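Just need the whole structure built from these sequences, with the hints factored in.
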Amino acid sequence: MAVYKYGFVYVMVNPAMPDLVEIGWSEHLPEDRAEELSKTAVPFPFQVAYRAKTLRHREVERQAHRLLAAARVAPNREFFRVSAEDAAGAIRLAQEQVTGIDSWASSPERHLVGRGDRVVLPLKSGQVFVLTAYPEFLSTEPHVLDIWQAHTDGDVLEIDGAEHPGHVAGLSDGDPGGDEDPVPFLDRSGAVQNGTLIGRERLVSGDRLIWLADTEDPAHCACVVFEADSACQIACRTWNPQSNPFGMPLLLNDLVRDPSPAMVEAAKEVLDLRRPRTWAPRNPDPKGDWAIAATLPQPPEYWLPQLLKRRPQR
1 MAVYKYGFVY VMVNPAMPDL VEIGWSEHLP EDRAEELSKT AVPFPFQVAY
51 RAKTLRHREV ERQAHRLLAA ARVAPNREFF RVSAEDAAGA IRLAQEQVTG
101 IDSWASSPER HLVGRGDRVV LPLKSGQVFV LTAYPEFLST EPHVLDIWQA
151 HTDGDVLEID GAEHPGHVAG LSDGDPGGDE DPVPFLDRSG AVQNGTLIGR
201 ERLVSGDRLI WLADTEDPAH CACVVFEADS ACQIACRTWN PQSNPFGMPL
251 LLNDLVRDPS PAMVEAAKEV LDLRRPRTWA PRNPDPKGDW AIAATLPQPP
301 EYWLPQLLKR RPQR
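Going by the numbering used here, the sequence shown opens with residue 1, and the numbers climb by one from there.
Treat the hints as calculated values from the structure; they're not laboratory data. All of these numbers come straight from a predicted model, not from anything done at the bench. A virtual CB, placed ideally from N, CA and C, is assigned to each residue, including glycine. Don't take each hint at face value.
As the list claims (entries may be wrong) - Once the Cα atoms are required to be at most 20 Å apart in a straight line, the calculated SDA-like pairs of lysine to any residue come out as:
id	residue 1	residue 2
1	K124	S243
2	K124	S103
3	K5	Q306
4	K124	R257
To be verified - The calculated label-pair distances, taken between Cβ atoms and stated as ranges, are:
id	residue 1	residue 2	range
5	P18	P108	49 to 55 Å
6	R115	P15	40 to 46 Å
7	R310	E141	36 to 42 Å
8	E27	W290	34 to 40 Å
Structure follows, in structure tokens:
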């Protein structure tokens with residue numbers, strides 16, 4: 001059973017209330033919520049001005065409300081006298097405060113991501129991910145497979161648990177489709193781009209992803225460990241693409257900083273943790289019994305079920 005699920009926190013505007021915005025949450029697409037609100041006693045339909053796909057969407061919404069409390073028109077109403085841009089900024093800050101690295105239990109606790117789980121992590125520039133795995137079933141110690149980096153504040157990294165290894169693909173593994181965005185849009189009409197994809201990778205059962213961030217104390221760092229309990233799809237997105245000095249776009253696995261000594265030590269401690277509870281080979285023999293990655297690509301609705309058209313309410 002899935003533990004982690006996506007929801008949305010949104011900003012809506014209405015021409016009948018030009019000085020106000022509504023900040024709310026929905027388990028469905030914000031357009032579906034806008035359609036519901038537009039059936040109330042308002043002369044014009046609501047329009048979605050901003051959306052954030054997030055974990056713990058109700059808590060993120062409440063935190064955004066607290067951040068904008070001085071601009072709230074009434075305690076029992078979700079309307080605020082701020083611009084849509086300021087409301088969006090409050091949601092981004094609330095998402096980082098509620099679901100950012102400091103909100104997760106630190107290593108040695110391991111956060112399992114399995115079939116059906118949908119995780120999205122808000123990132124800050126300079127944060128680092130270390131991917132580790134046991135290369136063979138009888139390996140005595142894990143190996144570091146890759147190191148990734150967030151390049152701007154507001155980037156997000158998604159970890160989506162798949163039902164079958166054939167559903168996932170990775171650019172670094174040379175998989176078919178590894179350079180394609182699994183969910184390019186956040187609406188059904190294809191009008192709302194889902195950021196810019198700067199990394200698509202995959203995890204196999206037993207892989208660990210170590211999330212590291214500097215702190216004010218250079219001798220310490222934040223360290224959170226995710227463990228793949230099934231094949232998982234990784235997607236990293238940015239809304240502020242960066243380039244290297246040669247004009248090439250910076251991707252997830254472009255490491256342009258040196259991990260701090262505290263990060264190195266924290267990663268070493270994770271390498272010493274007990275073995276994962278599951279294991280699968282990264283690139284098994286196609287003639288063997290293990291399922292092969294990138295053989296059963298899935299539509300965007302598989303990764304973001306909210307894209308499925310809702311059934312009419314009776």
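- Task: Taking the numbered hints from earlier one at a time, note which ones the structure violates and give those numbers from smallest to largest.
- Result: Result: hint 7 breaks, nothing else.
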